[in-house]
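Chain order of the listed sequences is R and Z. FYI, the numbering used here numbers position 84 of the first sequence as 84, with every residue one higher than the one before it. FYI, the numbering used here numbers position 108 of the second sequence as 108, with every residue one higher than the one before it.
Just so you know, these hints were derived from the structure itself, not from any lab. Quick reminder that beta carbons are idealized off the backbone N, C-alpha and C, glycines included. Since no wrong hints were added, every one of them can be taken at face value.
SDA-like cross-link-like pairs, simulated, lysine to any residue; straight-line CA separation at most 25 Å:
#1 K57(R) <-> A76(R)
#2 K113(R) <-> L47(Z)
#3 K113(R) <-> H140(Z)
Simulated coverage check for chain R against chain Z, where a stretch passes if three residues somewhere in it have a Cβ under 8 Å from a Cβ of chain Z:
#4 40 to 50
#5 73 to 86
#6 96 to 106
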Amino acid sequence: MITLEAVHKSFGPKRVLRGVDLTIPKGESMVIIGGSGTGKSVMLKSVLGLVTPDQGKISVDGQDVTHAQIGRDRDAFLARFGMLFQGGALFDSLTVWQNVAFRLLRGSLKRPKAEAREIAIEKLRRVGLTPDVADLFPSELSGGMQKRVGLARAIAAEPEIIFFDEPTTGLDPIMSGVINDLIREIVVEMGATAMTITHDMTSVRAIADKVAMLHDGVIKWTGPIAQMDESGDPYLDQFIHGRAEGPIEAVR
Amino acid sequence: MTALTTPLAHLGRAVLAFLAVTGRVAIFAFDGLTHVFRPPFYLREFLTALLHIGWLSLPVVGLTAFFTGGALALQIYAGGARFSAEAVVPQIVAIGMVRELGPVLVGLMIAARVTSSIAAEIATMKVTEQIDALVTLSTHPMKYLTAPRVLAALIVVPLLVGIGDIIGIYGGYIVGTQQLGFNPASYIKNTVDFLEFSDIFSSMVKGCAFGGIAATMGCYFGMQSGRGAQGVGQATKASVQAAAVLILAANFLLTSVFFAS
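For reference, chain R alone in the conformation it holds in the complex (with noise of 0.2 Å):
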């Protein structure tokens, strides 16, 4: 169970954070919605301790992370997590099944080179990719295929944990429909809790159990998937439905 507490964060004069409380429970796949700009990276990412939150609370199944630096208890914490990053962040210098057994191939989950080329050709299988694309640089892929091997990626250590963040950007229709299944299959496969940040209203009715919605540095409403379309909220509403006119500043 992931839970954040009144947490702040500014950049220099900037609010972009101010006071987000959310618990997501075990095994559930909540997805966070919101504007461009509005923070939902930086709290995804001050979960992760990439970013410090100036004020408030960050727990994992109820242990305190909010100030964790890096270091030996931070790389057991970050073992059980995944991350799809939005731009795929895969390491140019290194080849596709390189990418994907990274966390294998060194550290604290090092397994033999053929064992771990094993577990990546499998996990490149698992996200639709043929194992011919192992052995090729990331500047040889495709936008959609880069996205399926950062999430090969996230899930070669089989993580209890996975953040997706924009995981359908700059893709076509289909292959974000793709996308979309397979982070469903696998979060429903692997029983992890997920957390994923988009503004593609598909993929949140694809993927998520809940919804929350990020604006103004706080969480406007959040609840189960299916009551999204009666919740009555203005914010809500003018969000999903993609109105111009409503409560938030088209114009920000």
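Starting from the known structure of chain R, arrange chain Z on it as the hints suggest.
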């Protein structure tokens, strides 16, 4: 009153900003150095860094040193002729290359070639979230990116300086014997007899220091990069500037330590 104080305020801010950067660079350099000695070690990264910083820099180092040695011989001959001291060419070329020009020019070429590429690579990794990805994959960026590069530079740049010194002297030898009429055997004898161990030692120490500066600046400014293509450009420019200036400053400092007594 404000007309008087505004320039002072600007000056104060600039000085404070400079001190802040100096402090951050010092902390970063210290942090980078400590990671060199603490596990885990990334052998593959280290070997790649050795290849890029050392082996692939050889052509540019060789050419720079050769032409500089040749030009030096011509200058000393022309200058020496004014007071009938043409014969000192071998000795002055040797001392000039080994003590000063070898380390400084190799250092500056490394700043141009290696610092810039390290900064651009790490800055691009930062911009495309690859550094964040490293952290989420339980890998410390300082260990994985900085430590192997700094260590490789500390080891391989002194060797490059040594090679540069030899090629520079050889450049002087070619010009001296082919153009200025020196006897090959006595040219070599004069060079070897004149050089002392302290000359060569100072050359190696300088190489080590300049290599450390070049790699550390590349890593530091890469990690500090702002967003987008402009951020990468700024980081690269700043890293080369800082490395070049620091190398020249360190050269002055080391020269005064070794030879000012």
